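**Q** Here is how the chains run, residue by residue.
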Amino acid sequence: MQIFKLKSLSWCVLASLFFSTLAISAEVKEFTLDNGLKIVVQEDHRSPVVVSQVWYRAGSLDEVNGKTGVAHVLEHMMFKGTKAVPAGQFSRLIAAAGGKENAFTAQDNTTYYQQLEKSNLPLSMKLEADRMANLNITDEEFAKEIKVVMEERRWRTEDKPQSKVNEQFNSTIYHVHPYGRPVVGWMNDLENMTAADAREWYNTWYAPNNATLVVVGDVNSQDVLKLAKQYFGPLKSHVIPARKPQVEPEQKGERRVVVKAQAKLPYVLMGFHVPALQDTDKDVDPYALEILAAVLNGNDSARLNQNLVRQSQLAIDVDAGYDMVQRGRQSIFVLDGTPSEGKSVSELEVAILNEIEKIKTGGVTEDELQRVKAQVIATDVYQRDSMFYQAMQIGNLETAGFSWRILKDYPAKLQAVTAEQVQSVAKKYFNKDNLTVATLDPQPIDPNDNTPKGRPHVH
Amino acid sequence: MFTKSLFRGFLSLFFLFSAQAQAGLKIQQWQTSNGSAVYFVENHDLPIIDISTSFYAGSARDDVNKPGVAAITRHLMTLGAAGLSEERISQQFADIGAQLGGGIDDDKSSLNLRTLSSALERDKALSLYMKILQKPDFPENVLAREKSRVIAGLKEAATQPETIGDKAFSKALFGSHPYGLDTEPEDVEKIDRYDVEKFYRLHYGAQGAVIALIGDMSLAEAEQIANQISMDLPKANQPEPLPKVAYPNAPLEERIAHPATQAHILIGYTGMKRGDADYYSLYVGNYILGGGGFVSRLTEEVREKRGLVYSVYSYFMPMAELGPFQIGLQTKRDQADAALTLVRETLDKFIKDGVTEAELKAAKQNIMGGFPMRIDSNGKILDYLSMIGFYHLPLTYLDDFNQNISKVTTAQIKDAFSRRINPNNMVTVVVGGDKESQ
Numbered sequence: 001m002q003i004f005k006l007k008s009l010s011w012c013v014l015a016s017l018f019f020s021t022l023a024i025s026a027e028v029k030e031f032t033l034d035n036g037l038k039i040v041v042q043e044d045h046r047s048p049v050v051v052s053q054v055w056y057r058a059g060s061l062d063e064v065n066g067k068t069g070v071a072h073v074l075e076h077m078m079f080k081g082t083k084a085v086p087a088g089q090f091s092r093l094i095a096a097a098g099g100k101e102n103a104f105t106a107q108d109n110t111t112y113y114q115q116l117e118k119s120n121l122p123l124s125m126k127l128e129a130d131r132m133a134n135l136n137i138t139d140e141e142f143a144k145e146i147k148v149v150m151e152e153r154r155w156r157t158e159d160k161p162q163s164k165v166n167e168q169f170n171s172t173i174y175h176v177h178p179y180g181r182p183v184v185g186w187m188n189d190l191e192n193m194t195a196a197d198a199r200e201w202y203n204t205w206y207a208p209n210n211a212t213l214v215v216v217g218d219v220n221s222q223d224v225l226k227l228a229k230q231y232f233g234p235l236k237s238h239v240i241p242a243r244k245p246q247v248e249p250e251q252k253g254e255r256r257v258v259v260k261a262q263a264k265l266p267y268v269l270m271g272f273h274v275p276a277l278q279d280t281d282k283d284v285d286p287y288a289l290e291i292l293a294a295v296l297n298g299n300d301s302a303r304l305n306q307n308l309v310r311q312s313q314l315a316i317d318v319d320a321g322y323d324m325v326q327r328g329r330q331s332i333f334v335l336d337g338t339p340s341e342g343k344s345v346s347e348l349e350v351a352i353l354n355e356i357e358k359i360k361t362g363g364v365t366e367d368e369l370q371r372v373k374a375q376v377i378a379t380d381v382y383q384r385d386s387m388f389y390q391a392m393q394i395g396n397l398e399t400a401g402f403s404w405r406i407l408k409d410y411p412a413k414l415q416a417v418t419a420e421q422v423q424s425v426a427k428k429y430f431n432k433d434n435l436t437v438a439t440l441d442p443q444p445i446d447p448n449d450n451t452p453k454g455r456p457h458v459h
Numbered sequence: 001m002f003t004k005s006l007f008r009g010f011l012s013l014f015f016l017f018s019a020q021a022q023a024g025l026k027i028q029q030w031q032t033s034n035g036s037a038v039y040f041v042e043n044h045d046l047p048i049i050d051i052s053t054s055f056y057a058g059s060a061r062d063d064v065n066k067p068g069v070a071a072i073t074r075h076l077m078t079l080g081a082a083g084l085s086e087e088r089i090s091q092q093f094a095d096i097g098a099q100l101g102g103g104i105d106d107d108k109s110s111l112n113l114r115t116l117s118s119a120l121e122r123d124k125a126l127s128l129y130m131k132i133l134q135k136p137d138f139p140e141n142v143l144a145r146e147k148s149r150v151i152a153g154l155k156e157a158a159t160q161p162e163t164i165g166d167k168a169f170s171k172a173l174f175g176s177h178p179y180g181l182d183t184e185p186e187d188v189e190k191i192d193r194y195d196v197e198k199f200y201r202l203h204y205g206a207q208g209a210v211i212a213l214i215g216d217m218s219l220a221e222a223e224q225i226a227n228q229i230s231m232d233l234p235k236a237n238q239p240e241p242l243p244k245v246a247y248p249n250a251p252l253e254e255r256i257a258h259p260a261t262q263a264h265i266l267i268g269y270t271g272m273k274r275g276d277a278d279y280y281s282l283y284v285g286n287y288i289l290g291g292g293g294f295v296s297r298l299t300e301e302v303r304e305k306r307g308l309v310y311s312v313y314s315y316f317m318p319m320a321e322l323g324p325f326q327i328g329l330q331t332k333r334d335q336a337d338a339a340l341t342l343v344r345e346t347l348d349k350f351i352k353d354g355v356t357e358a359e360l361k362a363a364k365q366n367i368m369g370g371f372p373m374r375i376d377s378n379g380k381i382l383d384y385l386s387m388i389g390f391y392h393l394p395l396t397y398l399d400d401f402n403q404n405i406s407k408v409t410t411a412q413i414k415d416a417f418s419r420r421i422n423p424n425n426m427v428t429v430v431v432g433g434d435k436e437s438q
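Line by line, the protein sequences are chains P and V. Using this note's numbering, read the first sequence as starting at 1 and increasing by one per residue. Using this note's numbering, read the second sequence as starting at 1 and increasing by one per residue.
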């Protein structure tokens, strides 16, 4: 079973931004229907297939306390039927057309997609347009599906020690901003969620003027526009609530959280608040931060792996990441790792911070910079082997409120980053008062004890 | 970045049994003078070259007394070769933007290369790739370090319900067959450089190696690359066939206590081989039972109707010998038995009554209609080339796939499942679940 590798997904999205370019600009066409639906089409004629994605600008970012997880629950309910297409029928119709389909919910967006032989694009548009406006959320279907979502939360988070650390980390590094809440929602909120909550969410956010249709494949962009007008054109726009900026107050002092869970190995996850991309023309720091992440972690000989896994052997695994494209305009730079046997999380934490310190004081080498930039060029080309990722990068940018057009200038922006700029962002943002550390304190499993640990769970 | 996206469900399991291409994909096939089989598709759409070299050097080739050597050998090949340190190797690949891939399973070990096709990058990448394939150094210090990383990983896995279940299932299903061979931390402890070097010499020979190539190169260039790969591989004997897998002759149920909030349930039986006479019947039948994503019977009964799970699936993993047939699910611990009973009923009914004409039609529509998506990228085609070569499938396998699917009948599915899966002798593993229910 292949669930998206989430960590690598965000790297890929980042990498694709980073790395995507040359091919993309010439062939992309953009349209907006009268009802506000944005359409972006990229022709790719290598295979007789098409990927179609509908991106809604609605994710956990838009949720409120007490109703966390509702964006994701609604995503599940989107397969539960309209008047014209009863529950379960959506998937059957796509399957009968030979299609693959799924959907995913993130902090910034909820996305639905189909991959089809190209002649079936009209079916996908017809079905997506129908459920954009006519979803029928019954109490019966909701009652079953909310149980599925709770199983999903158990599977994803409750029984996965590192997921629990990650959840606690987010709610510690973000005290105010909704990025602090889990996309899947707190269990208590799921237990108390109602069909009315899902309906409210749908009525608030699901409208053509809050969505982007991205189509990549062996299609003609004018034909796609025609189809989109036919199916989505009749839908009515409605007023989307104003979104407040919700800026996270500046962190004034180190934050720590410890999570106990049944596991063998400890784990440490650290992060600093850093800027997300705001102004695509003027910003420099986000690009420097991306280069910094690659210098630390962009290949097997990058600093963290080379120094901490291979040389000092303090860690079994170590990682770094940064995502500049965020609709919430808040981002964090994260570093995480698993100490080797006999080494503690505090030793690893010190060692990782020491690598950061080395960049603050000594900067990065020209070799390291060149290496990262060479990967930029190559990965850009490799990216073109996947229509799905090409669609992902367009949808991700558009939903975050940027234009796919910035892909064009992206490599040049990265190529322009200097060693001094990389050092400068490290100095500027990586200080202790801006640090959050979450650690996993592994608990032994008593073979004679078969009862769940943690807080008592109310069923 | 972490857990940013949540999927509505597991992505489809097709890739486990995938094996298709469309008419018109021109595969060129030949042997090198050293006995390696080469499969090549020329495609100049993108300035990329993809290469995969596979060996009959999977974990099933491990010595019973030294399990884990196969995996460690494959892992170490990229970490020091021809006098180049692991650091230099990764730097040099990174400097030209080339990527190494591949991996190991029970049957196969593979090393994949993706590089730009421009001469400078391509030649550097190929030169490094040859070194890794032909002159791995297996440095002592790297071996010691990687052993401790592997051991730590095994110890962690031994605490997690999913991996506990997988291991117990494999053991219960395959017993003493190499597919059931299990690696414990103390086994890894014992592995020394001699073992690794010897495994490499015995199992990474040119004879029987399968070289797949796709992308921006001519036939002459592909020939040259394949020769170069094959030429300096060890002089090993042709790989021996693996022993036959026995069918379970009694039901086996194992319950493993665990405090997780969900019980992890695996139910299975001996499945099929690559190139199996029942391949298409079992494949289409399984799509209907539990392979077809959101439209399968298992998903309908267990998830859609009752909300008992997030994921329930079934698959056959065809291998060189009979691979597993497995049904898997996770559910809240106090409903483990209810879910297990439901899955068993669904399976029993499926085997007893077979599938309907409507189900068969829908399955064929999806499998045949979805065919173009299976080969819509060089990366996907490369995997198919390797698979066809490694499992000695006919060169027309891809061209014939849809036709073979179209011929499957409801009677054949019923017949194949009732001959191949005995619902009274299933292997069942439940990790976690409430005491009351045990």
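Keep in mind that the hints are not guaranteed to be accurate.
What the hints assert, rightly or not - Pairs of lysine to aspartate or glutamate residues, derived as EDC-like cross-links and limited to a Cα-Cα distance of at most 16 Å, are as follows: (1) V:K380 / P:D385; (2) P:K236 / P:D34; (3) P:K252 / P:E43; (4) P:K147 / V:D334; (5) V:K155 / V:D137; (6) P:K144 / V:D278; (7) V:K305 / P:D283; (8) V:K305 / P:D139; (9) P:K264 / V:E156; (10) V:K124 / V:E221; (11) P:K264 / V:E184; (12) P:K144 / V:E301; (13) V:K155 / P:D317; (14) V:K124 / V:E156; (15) P:K160 / V:D63; (16) V:K147 / P:D433; (17) P:K147 / P:E200; (18) P:K264 / V:E162; (19) V:K414 / V:E301; (20) V:K190 / V:E301; (21) P:K373 / V:D400; (22) P:K147 / V:E162; (23) V:K155 / P:D446; (24) P:K229 / P:D433; (25) V:K135 / V:D63; (26) P:K428 / P:D283; (27) P:K160 / V:E162; (28) P:K118 / P:E43; (29) P:K260 / V:E156; (30) V:K155 / P:D283; (31) P:K408 / P:E30; (32) V:K147 / P:D317.
It should be emphasised that the hints constitute simulated quantities derived from the structure, not laboratory data. Keep in mind that this is a model prediction, so the values were computed, not measured.
**Q** What are the numbers of the hints the structure violates, in ascending order?
**A** When the structure is compared with the hints, numbers 3, 5, 6, 7, 14, 15, 16, 17, 19, 20, 21, 22, 24, 25, 30 turn out to be violated.
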